[in-house]
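**Q** Dock chain B against the given chain A, drawing on the hints supplied.
Protein chains: 2
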Amino acid sequence: MSSQTFQAVNPVDGQPFGKEYSEGTHGEVTAAISALSASATAFAALSLSDRANLLEKIASELDSARADLVKIAELETGIPQARLNGEVTRTMIQLQLFAAQVRTGAHLNAVIDLADADYKPAPRPDMRKMNLPIGPVAVFGASNFPFAFSTIGGDSASALAAGCPVIVKAHPSHPGVSELTFQAVQRALKSCGISGDVFAIVQGRNPEITHWLALAEEICAVGFTGSAGVGKLLVKLCNSRQIPIPVYAEMGSLNPVFVTAAAMTERGVSIAEMLFDSAVLGAGQFCTKPGLIFIGADHEPFVATIRSKMESVGSQPLLNKGILDRYVESVKSLNQIEGVESITGSVSVEGFIAQPTFFVMDYAHFKTHPEFAEEHFGPTTVIVKCSEEDFEEIIAQSQGQLTATLHIGAAEPKAALLQKLATIAGRVILNGAPTGVSVTAAQSHGGPWPSSSTHTTSVGTDAVFRFMRPVTFQGFADDLLPPALQQANPEKIERVVNGVRRI
Amino acid sequence: MSSQTFQAVNPVDGQPFGKEYSEGTHGEVTAAISALSASATAFAALSLSDRANLLEKIASELDSARADLVKIAELETGIPQARLNGEVTRTMIQLQLFAAQVRTGAHLNAVIDLADADYKPAPRPDMRKMNLPIGPVAVFGASNFPFAFSTIGGDSASALAAGCPVIVKAHPSHPGVSELTFQAVQRALKSCGISGDVFAIVQGRNPEITHWLALAEEICAVGFTGSAGVGKLLVKLCNSRQIPIPVYAEMGSLNPVFVTAAAMTERGVSIAEMLFDSAVLGAGQFCTKPGLIFIGADHEPFVATIRSKMESVGSQPLLNKGILDRYVESVKSLNQIEGVESITGSVSVEGFIAQPTFFVMDYAHFKTHPEFAEEHFGPTTVIVKCSEEDFEEIIAQSQGQLTATLHIGAAEPKAALLQKLATIAGRVILNGAPTGVSVTAAQSHGGPWPSSSTHTTSVGTDAVFRFMRPVTFQGFADDLLPPALQQANPEKIERVVNGVRRI
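Taken in sequence, the protein lines are chains A and B.
Read in the numbering used here, the first sequence has 355 at position 355, and its numbers run on one by one without any break.
Read in the numbering used here, the second sequence has 452 at position 452, and its numbers run on one by one without any break.
Among these hints, one or two may not hold up.
Each pair may be met inside one copy or between any two copies, as identical chains are not told apart.
[Said to hold, decoys possible] The calculated DSSO-like cross-link candidates involving lysine-lysine, where the alpha carbons are at most 27 angstroms apart (straight line), are:
hint, residue 1, residue 2
1, Lys492, Lys367
2, Lys120, Lys71
3, Lys492, Lys420
4, Lys19, Lys71
5, Lys120, Lys332
6, Lys309, Lys420
7, Lys367, Lys232
8, Lys71, Lys367
9, Lys71, Lys309
10, Lys367, Lys420
11, Lys309, Lys332
Hints listed in this document are in silico derivations from the structure and should not be mistaken for laboratory results.
Same shape as in the complex, but just chain A (with noise of 0.2 angstroms):
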């Protein structure tokens, strides 16, 4: 064990505080991994039903260890208990839409075509294919869902629900809330019978655990959440590998919104009011905050509407210090652009206490200040103002995003419009806001470079495609193949047999 060690520290007033985390060192690293790959075919060989089980006991520990979590949870934070409460559920719901799937094979992908004689343009042995997992996965978790996107979030889940274990870099914005949920993933793991060696978590501030990581040899995939620098860093990293790895990096994005002149005309303020909230949610630290709203048309009913707001608005810890830092910093290196109105509360340095910032300028001072097209991570958004003609240019200079967003007005016929935003987008949104990531099977969070890594979704059921590969058996024997390829279909899966979906 490692002689350094780590405290929590409390947004709310800066503080150190509770129990000091032991630093992961190499060879614990390493050790966690070798044990990682060493349980790896016997995870990958549970049966679906053991494996869904798996999944929904974790939920089922989560909810039972869920007082603890919050209490810990808020104070390392800052987040307050209603939000985390309703975390701690969507993390549980997460999982259990996980073990729905695999229970139904769905995430297989099991097709089977029949030797074929008369095949063309020669005969076709009889060929199966599925997707089995990669292999023992690393999941850096984010700091601003200590649930969702953390040590058993979306990452850790899906690549559990493919079949491979997981070993998580635990945030250092929450250790005690990686290591409760920790125990409570062991626990279930133990309750199902299943060796611990599949889940393991590394605690630490130390960058180069980064680095053991994404270069152990036994690991065949990341998932991460968090910073395009980190990202990047990951992507680079796992490229320099003897045997590349793919990494699925969802690095943030500044979710444009649009809103067009008849859109203003008739709720101009209920936009407004709504994109406010969308901003300031979770103090801005979401990754589908609205960073950029265009606004085709004279804005100053929807900045009056931002003003009031602003004064009804509390102070909000920040993460921790160096997201606060970023974030002054970020703030009054904008407020010192001429020709930029600054609407905000003051700025506190006691705690990790900041107060929202809207950015107003026009698309002229926009266009020739390119700081702003840039994401600010926290409570900061810019407002433009525009004209409906300058949308197609603003879409075509954008980069990557998670999200774009358009309000229109009644039946305005933008459909050319909206298909714009989707060349730019993983999610298009109609008059509505970015932020509130539904976990369903429609859901894709992911969008082009920078905004992620790869094109998959890392929210909602096809996040676990991820983290498996297809594979072939061909002119096997029935009883040699894996049974979810058997003739006799003895899991009862959804499997396209010669182009015919059925079970």
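**A** Relative to the frame of chain A, chain B by itself:
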């Protein structure tokens, strides 16, 4: 137009012949890619039936040009007419299969989750997800399949099926086939009323062309079939971009075959005959050539069969001088290693003619000479005498493979061994030969690195998914949705609505 030109070379006599082809210039490549990009939106918006019709029309244009295509292909590749004719048919079938898939809309993976006020943990808005084309694709054809993996081979066909414009780097070993194929595609586009800009070709031997294509800002993905050297270069180039793009590279493999003692006893001679034929098929220039054969028993009967088959096999031209030179050098260098039996004919250097070479050695010898575990393109195969107990160690040491094959005796319970083979390969074959890649839904042609750069297949209908990415449309009015997601399902495609698959 460049002043640099080159001719095709006939591999049978090693002489250049026929037309002078202009080396594509940077300006031409840039202009073609700009045109590709400008045509992308309209091409993506084609209806499913228009896109399917195009793919079918390309197939029929290939059929109409078949005589000319086969004639020039024979001159440029030295491949016999019968195989070339079969390959034209296969290439047509690939296009027709993608057309059928496009008609059903299965490649869109349409998922609809209706608004649900009771959804947990928060009300769900109307969420509708489908795959969209990722944009212009650069395809690098292979020399060894002048039709099926070349100009309008699987990569191009699947990219067009996805809705992506394509620029092909024609393989300089068959510029004439590439040009005629390009013209056939252009006729199909014209007859379907689609801009010819969506399909471009660049000829040349200048290695810079690869860099121009991989680094062009408008290119969104690369499809490649060929050597590990060029495949890895493409991966490196595309990762170095400001916006990295996916490279779907199929880089070949050794395709290990394992033969148990029981299999040898029951049918050793017929297995040897089957694997010999598989190894020398296409002069050993298939990416699924069995390059390593491990015999877990006395290998003399097997080797005796190889010796006797060798007497009857004729010499075959290799595809080009580069392949021949590397083949001759490999064989020469491997022959200098002591304790290795070499079964071969004489290697001629008139034209690009070569005879197959089988190397035979003990497992101890194989282990101490890693050069035998590398891919040597052309008709070389290594036979290793070992025991069945060694199989697990061999598999554990193996790099990623396109295929892995096991020959067992009747009712041998080798399920665990087959499972292990599935960890190193994209396709596992029981009691068969690795060559013969059926174009079917259950095909997985792609395996762990370095056989492929991603966990995807380049053969079969799933290849289309490489060139699409999911986008969610949230809270849309029905008439603003793409047709595939509209409530009335005007294209009658298969969709999953609230978890239930239906049309």
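**Q** List in ascending order the numbers of the hints, as given earlier, that are violated by the structure.
**A** 1, 5, 6, 8 and 9
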